[in-house]
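Based on the hints, put chains B and C in the right spot on chain A.
Residue numbers (our numbering), protein chains in the order written: chain A, 1 to 372; chain B, 1 to 354; chain C, 1 to 583.
Simulated from the structure, these hints should not be mistaken for laboratory data.
Incorrect hints may have been included.
[To be verified] Derived lysine-lysine pairs resembling DSS-like cross-links, with alpha carbons at most 25 Å apart:
{"id": "1", "chain 1": "C", "residue 1": "K411", "chain 2": "C", "residue 2": "K467"}
{"id": "2", "chain 1": "A", "residue 1": "K21", "chain 2": "C", "residue 2": "K411"}
{"id": "3", "chain 1": "C", "residue 1": "K96", "chain 2": "C", "residue 2": "K146"}
{"id": "4", "chain 1": "C", "residue 1": "K96", "chain 2": "C", "residue 2": "K411"}
{"id": "5", "chain 1": "C", "residue 1": "K96", "chain 2": "C", "residue 2": "K467"}
{"id": "6", "chain 1": "C", "residue 1": "K467", "chain 2": "A", "residue 2": "K21"}
Being a predicted model, the structure only gives us computed values, none of them experimental.
Listed below, chain by chain, are the residues.
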Amino acid sequence: MLGSLLRIVALTRKELLAVLKDRRARMSLLLPPMIQTLIFGYAATYDLNHVPYAVLDQDDSGASRALIARFDGTGIFDRVADLHREADIGAFIDARRAILVLQVERNFERQLDYGAAANVQLIADGRNSNTAGTAMGYANAVIEAFNADWRATHDLPNPPVSIDERAWYNPNLETRWDMIPGMIGTLTLIQTLLLTAMSVAREREQGTFDQLLVTPFRPAEIMAGKALPAMLIGLTQATGVLLVAQLWFHIPFAGSFVTLYAGMTCFVLASVGIGLMVSAVSYTMQQAMLFSFLMIMPFAMLSGLTTPLRNMPLALQYFTLVNPLRYAVDIAQRVYLEGTSFAQLFPDIWPLALIAGVTLSGAAWMFRNRLQ
Amino acid sequence: MVRDPSSIAMGVVLPVILILLFGFGLSLDVKHVPVALDLEETSADALDIAAGFQLSPYFEPTIVHSMAAAERLLVTRTVDGIVRIPSDFTRRVSAGDATIEVIVHGSDANRARIIEAYVEGAIGAWTSRQAAEGRAVIAGPVVVQSRLWFNSANDSHYFLVPGLIVLVMTLTGAFLTAMVVAREWERGTFEALFVTPVRSEEILLGKTIPYFGLGMVGLTLCVLAAQFLFDVPLLGSLWVLLGASMLYLLVGLGIGLLISSAVKNQLVASQLTMLATFMPAFMLSGFLFDLRSMPAAIRLITYLLPARYYVAMLQTIFLAGNLWGVLVPNAAVLLAMLAILGLWGRSITHKRLA
Amino acid sequence: MSAPPTAKVLGRGIEKTFRLGKEEKDAVHALAGVSIEVRAGELTALVGPDGAGKTTLMRLIAGLLRADAGSLRVLSFDPAVDSQAVQERISYMPQKFGLYEDLSVQENLDLYADLHGVSAEERRVRYPELMQMTDLGAFRGRLAGKLSGGMKQKLGLACTLVRSPELLLLDEPTVGVDPLSRRELWQIVLHLVEQQGLTVLVSTSYLDEAERSSRTIVLHRGRVLLQATPAQVIERAAGRTFVLDPPTGQSARSLQARLIEDPGVIDAVPDGGRVRVVTDSTAQPPPEAAAVAPRYEDGFMVLLRQSVERETAAAIRLERPLAAQAHGAAVEVEDLVRRFGAFTAVDRVRFEVRRGEIFGLLGPNGAGKTTTFRMLCGLLAPTSGVLRIAGVDVREAGAAARQHLGYVAQKFSLYGPLTVTENLEFFASAYGLKGRRRRARIEWAMAQFGLTDHAHLDANELAGGFKQRLAMSAALLHEPEILFLDEPTSGADPLARRAFWARITTLSEQGVTVIVTTHFMPEAEYCDHVAIMDAGRILARGTPGEIRALARVAAGAVPTMEDAFITVVEDARAREPARASAA
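Next up, chain A with everything else stripped away, as it sits in the complex (with noise of 0.2 Å):
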C-alpha cells in the first residue's frame, strides 16, 4: 500500500515537472482561463446595454415628444434616426440600423387629453429573437413609466392590479452573474480535458510510455499519476476564472467556498476521468486533439450555460445526463449566487460521482490492455 502511494507520489511529480517546468506553458496553462473569463465575460451577456432605435413620431406634439424624451433618457435607448414615413420603417429595420422603432400615431396627444386609449407601436427586428424580446421588454417598462406619470399628474385612477417583482439571487437580472460563474467549470473542462487526453498520448510518440509499463508501475498508478496533476491544475485555473470573477467583475460570492471547491474537485475528477478513457485510445496527439474537442464542444454548448436545459427535446436532456459540465455550472451557479450547502449540492454530485467512477475504472481497464 505505502510503496503504491509512493510510486503515486513519483508519478504527480514528475507529470508536475514535465508539464509546469517551460514558463511558456505555465504561461499558456494558466493564463488563457482568465483572458477568456474577462473578454466572455464581456461577451456574454444577454443584457442590451446599448440598443440604436428610431422614431416615427406622426403627432410631433409635447405629449409625443415628452415620451420620446423618456426613452432618451434612459441612457440605454440610442435614438439614431427620426424617421417621416411608415414606409421607411421597413428599409431602416431591415439594414439593421436599429435594433426597435417607435411609432406614435397621429392622435397622441388628443388621445390622451380625452382620457382614451393612446396608441404607440413597437416594431423589432425579429432576426434575434431573444434581443427582441428584451429591448420590447425594457420598451415597454418605459411606457409603463410614462403611464404612471401621466396618472399621477392627471389624476385618473392607476390600474387596479400592478405588479410587484422581484427576483432572487440575482436582484438586477444581471445575465454576466450568471454566465460567469457558469464559465469556471467550462473554462476549467477544456485545458483539463485537452491536458489529461494527451498526456499519455503525448508519453506515447516520445517512446516513455513504454517504459513506464516495464517498471513495476501498475496501471492504475499511472493512471492516479495522471490524474492528479490534472486535478491539481484543473483546481488551479478554476481558481483563476473565480479571482477574476471576484475582482474584476465583482460579482458577490453568496455561498462558501469550500462547498464550491468540493463540487469543482468533483467536476474536475470527472473531467479528468474523460480525458483519461481519451487518452487511452489515442495513440497520437493528434488524435486525442480531435476526440477532446469533438467531446468539448457538445459538453459546452449543451450544458445549459447559454441555452435552457429545459428548452431541449428530452432525448437530448438525457444526453446532458452524462454531460459533466452541466452539473458543474449548475454547481458554481447555485453555490456562487445563492449560496447553496453541499447537502443541497447531492443532485448534482453523485452525478458527478458517478461518471468519474465509470471513467477512471474504464481508463484503468484499458490500460491494463494496453495492447493495439
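For chains B and C alone, coordinates are given in the frame of chain A:
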C-alpha cells in the same frame, strides 16, 4: 488525397451531426415555463387569472395555496417563478389597488426577465378583458402594440440555426485544413513535393481544393437541415447564400493554412486553431450575444473576426432576403481579409523548411 | 568519362545554425565552415553519423534551407536565390520519403510523374526502365503501404527518378533496410552512374557503402574532416592495421575491450572471431599480430581519432556482483506468435539466452525484432507461445518477471524537460528504491556513467551519447539481471559505438545478461550468440562463427555477417517466394 476517410467524415458527417445536435439542443425560446401559482384566495377573479395562465402556451402553472409551498418549489428549481395572488385580491381590485407578487429565479436572468414580461402581459390581458366586460378598470393610458419584424413566430431557431451554420463552417474550414496540412508537414511528404517543379501556390491550392469541396457539401447539408428540419425560412436566394459561404470558407481555409504553415507542430496548430476560430465564432460573432451591448474594447476585437461578418450576412439572407445594403459591405470586408491572408500565406509558404 | 570532371555542386565555408530557443544553449550549429565539391558523373558519398549535418547539407543543396553564411552553387545556380531553378533540375529523395501509402505503386509513380511534369511519351520510355531497375514490375497494383521496407525504398527511388535529373540527391536511402535490398539499391545507383553518367550525392552512415563511391566527404559534428577518394582514406591507415587471435579461453570481445583501452591503439574491433587493430603511428604493434590490408573503416577511425577527443574509460562496475546463478536460461522463448489481424509479425519464434551472455537479434526493419522484444518486456501480449524470464512465466507473473529486467528503448524514453537528476530520481522511485539505498544507487549511476557534471542539465539538452548513458543508467538502477537494448547504436558514430560495446562487455563480464537488437550486421561479432530474423521468422541461430560459415561467397573472399545474412535470406525466400514479398 481525398482517400482519407477521416477527412470525409470530418468534412461531411460531422457538420450534419453538429447541426442536428445543436439545432435541436439550443433554444432560447421561453415557452412552457413552470411557475407556481400561489392562490391565497379562491375567488372568481383568482381562478380566472389562474385559468389564463393555464391556457397560455407560455406557462405551465402548478397551483399551491401557501407561500411556503411555492418557495420550496422555487428553491429546488422545480418552477422558475412564483405568482402570488394574495388573500384580499378581489376586494382590492374593486378598491383599485390590488397587487400581485411575482418572484423570478435570478439564475437565468435572461429567462427571468422574459418571464416577468410574460406575466405582465398575462395580467395586462386579464385587465383588458375586465375592462371589456364592463368592470370599471382602466388600462393605459398608453397602450402598446408590439410587432416583430421578420420573425413573427418568435422562434429562437430562426437566429440560432444560421449561427450554427457559421460554427460548422468555421470548424470545417479552419480545423480540417490545419490538421491536414500540419500532418503532412510531420509526415514529411512536403519535403519530396518541394523539390519538384511545382510552385508553392500550386501546392497550396492542391491542398485547399479538396477541403473546400468537402466544406461546400457540408454546407449544403446544413442548409437543407435548416429548411426542412427546423423550418427556418430562406428569404434570400440560395446563390447568394452559397456565395457568401464560399467566401467565408475560403477565409477560414486561409487561416487554417496560415496557422499550419507557421506552426509545423500539429499539437500547437490544432490548439491555436480552436482558440482563434471556434471560441470567438461562438462568443464574439454576434450569433448568440448581441455585439452592440459589449464594451467598446471587446467590440473592437470583434471587428477582426471574419465570423462576425458571416453571421450578419447569414441572418440577413435567411430571415430578411437579399438586402444588398447589408450584404455588400460585409462581403467586402471578407474579400479584403481573403486578399490579406492570401498575400501573407504566399510569403511564408515558400518552399522552405526553415 | 572523357571530359574533365566539372563540379555540379560547389560549396565554400557554409554555415548553418538552427535556433531552437532564444538562448545560446538552444542554438544547434549544424554546419560550420563546410566546403564541398561534387563532380559530374561521379558517385559522391557524404559520410558521418547522426547529427553530423548530412541532412542539413542536402537540404541546403536542394534549396529547402538557406545557409547563414558561405557560398553554394548547384548546377551554376544559387539555391538560396534560385531555388525553383535548382528544383526543376535535380531529384531529391529525403530520408522520410513521402510515399502515399493509400495509393498503389503505379499511382505513386504517376503522381510524382505529374508533379515533375513528365510527359506521357517520356513515361512510356521511362516506366519500363524503372520497373526493371527496381524489380517492382510484378507489384504495380499493390498499395505502397503494403510493401516491405526495402521495396518502399526502391519505389521511392523510382519515384525520384521518373525523369533523369542533372543531379540526384539521396539522403540515407538504405538505413535500416535489409542487406539484400541494400545491396540491390546500391547496384541500381552504381548502374545509373556508370551507364548514364548520372551525378549522385548519397549520404550514408554505412562505411562499407562509402567504400564503393568515387569520392567521400567525411562529416563530423558539422565539420568536414576530409574530402578524398576512398583510396586516400584507406591510405591513412596504411601500415597500421593488424589482426590478432584471442588466446584460448578468452573471447574476441574481451580481448577487444582490453585493447581499445590501450592508448597506442586507435581502434579495435572483433572481426570473424579475431580482433582487428589499428595502431597509432608511434605505437608498436602488439605481439603475435599479423599485418593486414587496411579497410575504409580503419582510415575513417584514424581520421576521427585525430579530431575527436578520447572518451573516458567506459567500464561499468556493478555495486554488488550478481549472485552466482546456477546455469539456467535467462530467457526462454518457445513457439512465440504475434498476429495483428491477418498479418503475422512474429511467426513461431524460438530461442534461448543463457545467463551472462550477450545475445543479438539481427534483422532489417520490419523483421519482427522489436515486436518480439516488446513481448519479452511485457509490453505486448503474445498471440500464443511461452515466454520465460529468469524462469518466471511472463504471461502469468508479468510484474515479477519485470523486476528482473531493465529496458532501454530505441528513442531512449527519457523525460526531456526533467534534469538528469530528476530523471534518475523518478526511475528510482518507480522501482521502489527509497532513502539511503536510493541515494546510493543514483550516485553510483552518475559516477559510473560519467553524468555527474551534467546532473543539472535537462535531458533534452544532452548530446546523443549522453542520452544513451542516462537511459542505460536508469535501466540499471534496480540492479536487474537482464538488460534489453533495442537498437542501441542506431545512428551513432563509430566512436560512440565502440564505447557502448565496451560498457556492455564489462557488464556482461560481471554476469549481466544482455540482449540486443540491431540492423547493423557487423555488431553481431560482439555477441556470444546470434539469431537472424526476417519477415517474422528466425532463419538461423548460433555463434557468430557458425553463422558466418553459412555464407556463400566468391572463392577466396572472407565471408562477413552481411554475406551470411544475405545467403540465409535468399535461401529462405527461394523456399517461400510468396512470403518474401509481403510487408
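Given the hint that C:K411 pairs with C:K467, test it: the Cα-Cα distance must not exceed 25 Å.
-> holds (9 Å)
Is C:K467 within 25 Å of A:K21, Cα to Cα?
-> holds (20 Å)
Hint consistency between A:K21 and C:K411 [alpha-carbon to alpha-carbon, up to 25 Å] | holds (22 Å)
Given pair status - C:K146, C:K96, alpha carbons within 25 Å = Holds, because 17 Å separates the two Cα atoms, which is no more than 25 Å.
Does C:K96 pair with C:K467 here, judged by a C-alpha cut-off of 25 Å?
-> holds (23 Å)
Would you mind confirming whether the straight-line C-alpha gap from C:K96 to C:K411 stays at or under 25 Å?
-> Since the Cα atoms of C:K96 and C:K411 sit roughly 17 Å apart, the hinted pair holds (cutoff 25 Å).
Violated hints: none; the structure is consistent with every hint.
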